[in-house]
Amino acid sequence: MARIALIGASGNVGTRILNELVSRNHQVTAIVRDPAKVPARAGVTAARGDVADPAGLAEVLKGHDAVVSSVRFLDTDPQALIDAVRASGVKRYLVVGGAGSLFVAPGKRLVDQPDFPAAYKDEATKGADFLDALHGVNDLDWTFISPSALFVPGERTGKFRLAKDELVVSEKGSTISYEDYAIALVDEIEKPAHVRERFTVGY
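In terms of full-length UniProt numbering, the sequence shown opens at residue 1 and continues consecutively.
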């Protein structure tokens, strides 16, 4: 059992990560801007925190075994968030990443492809910037976990594939459910295998 601080616990992905952590008997501090959005349940403590207030966020993060951030990249300053984790004294930091920075061919990122949806390009580009920022961090045991191109609600099957920097594609395309993504993330917390690197998960 570990003490996990989960930033963005009330979001689509954050909710699934919270459920997965609780199902494995971890103690979770669910950090959101409005703690009333976190239903009361055993093993979960709701706490107010805002990525726009790094100093205040660092105080909330103190004393945990790991920090997970599940927030929109357009709503964050990568350096401010990294500095908040650093200031908290927590060494293990996992980031819910994006698929845009994954490679579809040598030197060719998904976000740079001509058919990449314009509506998601700014968010994907900011996610790639976050990963670039992490690559310069040597004093935190960080992991950036990219989903597949299609990241949607679905089933918890426990059957998926992992890769490093290349987009995972099957005959059904490139997809992963929030629920199975959460399994891969919590697996990484329990048995770290990708410290200071990115990996991706898909079917």
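Everything labelled a hint here was simulated from the structure, so no lab data went into it. Yeah, the Cβ is synthetic: ideal placement off N, Cα and C, and Gly gets one too. Take these hints with a grain of salt, some might be off.
Here are the simulated SDA-like cross-link-like pairs (lysine to any residue), alpha carbons at most 20 Å apart as the crow flies [claimed, not checked]:
(1) K108 with Q27
(2) K91 with A58
(3) K121 with D165
(4) K191 with V22
(5) K108 with G89
(6) K108 with S170
(7) K108 with K91
(8) K37 with D50
(9) K91 with Q27
Label pairs and their in silico Cβ distance ranges [to be verified]:
(10) R48 with K164: 21 to 27 Å
(11) P117 with D65: 34 to 40 Å
(12) N12 with D139: 27 to 33 Å
(13) P117 with A87: 16 to 22 Å
(14) A133 with E155: 16 to 22 Å
(15) G56 with G173: 39 to 45 Å
(16) E166 with P114: 15 to 21 Å
(17) T45 with N12: 33 to 39 Å
We went through each hint and held it up to the structure:
Restraint check: the Cα-Cα separation between K108 and Q27 comes to about 40 Å, which exceeds 20 Å; the hinted pair is violated. Note on K91 and A58: the hinted pairing holds, with a Cα-Cα distance of about 12 Å set against a maximum of 20 Å. For the given pair, K121 sits about 18 Å from D165 by alpha-carbon distance, which is consistent with the 20 Å threshold. Of the supplied pair hints, the one linking K191 and V22 holds, its CA atoms being roughly 17 Å apart against a limit of 20 Å.
Annotation: proposed proximity of K108 to G89 is violated, straight-line Cα distance about 36 Å (limit 20 Å). For the proposed pair K108 and S170, the alpha carbon gap of about 19 Å is at most 20 Å, so the pair holds. Note on K108 and K91: the hinted pairing is violated, with a Cα-Cα distance of about 32 Å set against a maximum of 20 Å. Distance hint between K37 and D50 is fulfilled; the C-alpha atoms sit about 14 Å from each other, no more than 20 Å.
Proposed proximity of K91 and Q27 is supported: the alpha carbons are some 17 Å apart, at most 20 Å. Between R48 and K164 the beta carbon distance is about 36 Å. The supplied range of 21 to 27 Å is therefore violated. Taking the beta carbon of each, P117 and D65 are about 37 Å apart, inside 34 to 40 Å as hinted. At about 31 Å, the CB distance of N12 to D139 agrees with the hint of 27 to 33 Å.
Taking the beta carbon of each, P117 and A87 are about 36 Å apart, not inside 16 to 22 Å as hinted. A hinted range of 16 to 22 Å for the beta carbons of A133 and E155 is inconsistent with their spacing of about 33 Å. For G56 and G173, the hinted distance range of 39 to 45 Å is satisfied, since their beta carbons lie about 41 Å from each other. Taking the beta carbon of each, E166 and P114 are about 19 Å apart, inside 15 to 21 Å as hinted.
Roughly 21 Å separates the CB atoms of T45 and N12, a value that falls outside the hinted 33 to 39 Å.
Against the hints set out earlier in the document, violations occur for numbers 1, 5, 7, 10, 13, 14 and 17.
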